[in-house]
Amino acid sequence: MEIFLAQLINAIALGSVYALLVTGFNLLVVVGGIFPFAYSHIVVLSMYMCWFAMKMTGDNAAVGILAGVLSGTAFSFITEPVFRPLAKRGAVLGSFIVAMALSLIITEIMAQKLNMGIVISFPQTFQGKEALIQFGTATVTAGQIATIVGSIGAGLGFFYLLYRTKQGRAFRAMGQSPFSARLLGIPIVKTRIYAYLIAGLLGGISAVFLAMAIGTASSSLGDNLALKVMAVSMLAGVGNLGGGLVAALILGLSEGMVLAYLPGDWSQAIAFGMIMVVVMIRPKGLFGTMA
Amino acid sequence: MSLSLYYYFQLTAIFIMLGWTLYWIYRIGQLNNAPIAIMAIGAYLSSYAVLTWGWPFAAAFAFAVICGAVFAVIPALGLGRAPAFAMVIATIALIFIMQTVFRNLPWFGGALGLFGIPKIKNLLWITYGFLIFFGILIYRFDHSRLGRAADIVFEDRDVASTLGINIYLFSVCLQVMTGVMGAVAGVLYAFTIRTVIPVYFGFPFLLAITTFIFVGGYTTMWGVIVFTPILWGIPLILPESFAAYRNFIYGVLLMGTLLLRSEGAIDRRFLRWLRIHAEHALDKLTHRWKKLNHVRG
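Top line first, the protein sequences correspond to chains A and B. Just so you know, the first sequence maps onto residues 1 to 291 in our numbering. Just so you know, the second sequence maps onto residues 1001 to 1297 in our numbering.
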């Protein structure tokens, strides 16, 4: 029972980070009009920036967090001009392949140049491994609580922006129909840029929480995360922001439980198998695509 | 022939075959990456049959290809009607699933894989024999009613349905055919490298093949033939410090091509231009030959 509780909390922490990642991903799908496969790679690159900042400032967590968040925002912003011509002509599949190319470039930079390709490890103090709540042998760490609370906070902040602000209305209008949004006087390019900035901000925050939750990062993490994010997006329905949150939690939970109770490295296979089955039976996802 | 040249020719042929698997199914607008996963099945099953059961190469080859074809049917039936992205993600997921399965099953050697696969005499001829066979198949497909039907499906699925094209059946058949090609490529790959490990059939490999097809040109089969030897071969002759950046070069090329020339280097317009100029040159040559003969006569 205690192992189950410990794994459940771990799974919820991981799931909440996935939810944040999927939210940023879906924002770029809906407003950016692209399929941002390289989004997770940008998040992992932000993890590296966070680590570098901490190394340079003697493991200063505040500087690391700031560096992670700012670099996520900046890297996402830098990629906007690359995808603009593709978004203009509605080449979504083309944008997917360009994003794959970008992911290849980012992975190679991380593998060849950053920390000489060696896996980076975040300080124990940053990961928040100290137990705050104890259930027998199972513990809830400060890092897990910070991840869950922070992800919920960031998610709520984003949905407030989306449903209670003018910018959010512009995002939703562009998601429904960029043509109609233009007729209504919504500046398309500016709105897209804001979407990239906010997606980058969410990505930077996710990078920090991933660093806390996983504790390490490597060049291959981007590919793993990218597939999980895409898979969650397909499970929920591409572009479905609300559905993505639920699907991310489902994936986090199933991964956590599989890791706890099955031998070997079956968690990925089972997670992807689940998604394949959903895609084959319900190609538009469990909750449907964004209308 | 030197060993390095042998590997270059052998692997180029195999990568051309894999590029064609992506090309063939993309003719109807679907990006299906399942052949890479089925390549793993072909490689592992043929190697296992030879190493563990002691089967001869021909029997192991047939067994692996049949299993690959059977396995290709399963996702094909489910993904035949799937939207483009569903197929892309599901088939990428399939690659990861296959990797995980082979990595965790002890009788396939786990993470270490299978090694000591015996050398096959005349494997180069066998490989190029299959390459020519698949090339002719795809060429005949492209220049037939099926090829024209694929063009319509690619342009507008609704119009294709209205014209009576069964898109689902078309998709399933192409997925199975490309699965068979993937299995053949897998067997040939295993017996070339003589080692099979799960990491060979992963995402970086898929990205390399995607680069060959999209940089070469995805609207014709010739782009893969011309550009695979170049893209595969150039990093081999570069100094080691540059060769390590092979994936980086692929990423830059892929991005540049899609942004600047979305159909790739060799597209249909280029082929038409080449054909027209070749015909003009031939006409000129024929005219000059006739003139010369007339003067002599």
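Derived by calculation from the structure, the hints in this document are not laboratory data. Each hint should be verified, as a subset may be incorrect.
Calculated from the model, a selection of chain B residues having no Cβ within reach of chain A, i.e. all distances over 10 Å [to be verified]: (1) I1066; (2) I1136; (3) I1138; (4) Y1250; (5) L1292.
Listed next, with one range per pair, are the computed distances between beta-carbon atoms [unchecked claim]: (6) B:I1074 with A:S254: 19 to 25 Å; (7) B:I1237 with A:I118: 45 to 51 Å; (8) B:A1058 with A:L197: 39 to 45 Å; (9) A:K166 with B:H1277: 54 to 60 Å; (10) A:G185 with B:I1230: 46 to 52 Å; (11) B:H1143 with A:I152: 57 to 63 Å.
We put the CB at the ideal spot given by N, CA and C, even for glycine.
Outcome of the hint check:
no., hint, result
1, I1066, "holds, 23 Å"
2, I1136, "holds, 28 Å"
3, I1138, "holds, 21 Å"
4, Y1250, "violated, 6 Å"
5, L1292, "holds, 51 Å"
6, B:I1074 with A:S254: 19 to 25 Å, "holds, 22 Å"
7, B:I1237 with A:I118: 45 to 51 Å, "violated, 29 Å"
8, B:A1058 with A:L197: 39 to 45 Å, "violated, 60 Å"
9, A:K166 with B:H1277: 54 to 60 Å, "holds, 57 Å"
10, A:G185 with B:I1230: 46 to 52 Å, "holds, 49 Å"
11, B:H1143 with A:I152: 57 to 63 Å, "holds, 59 Å"
Consistency note: the structure conflicts with the earlier hints numbered 4, 7 and 8.
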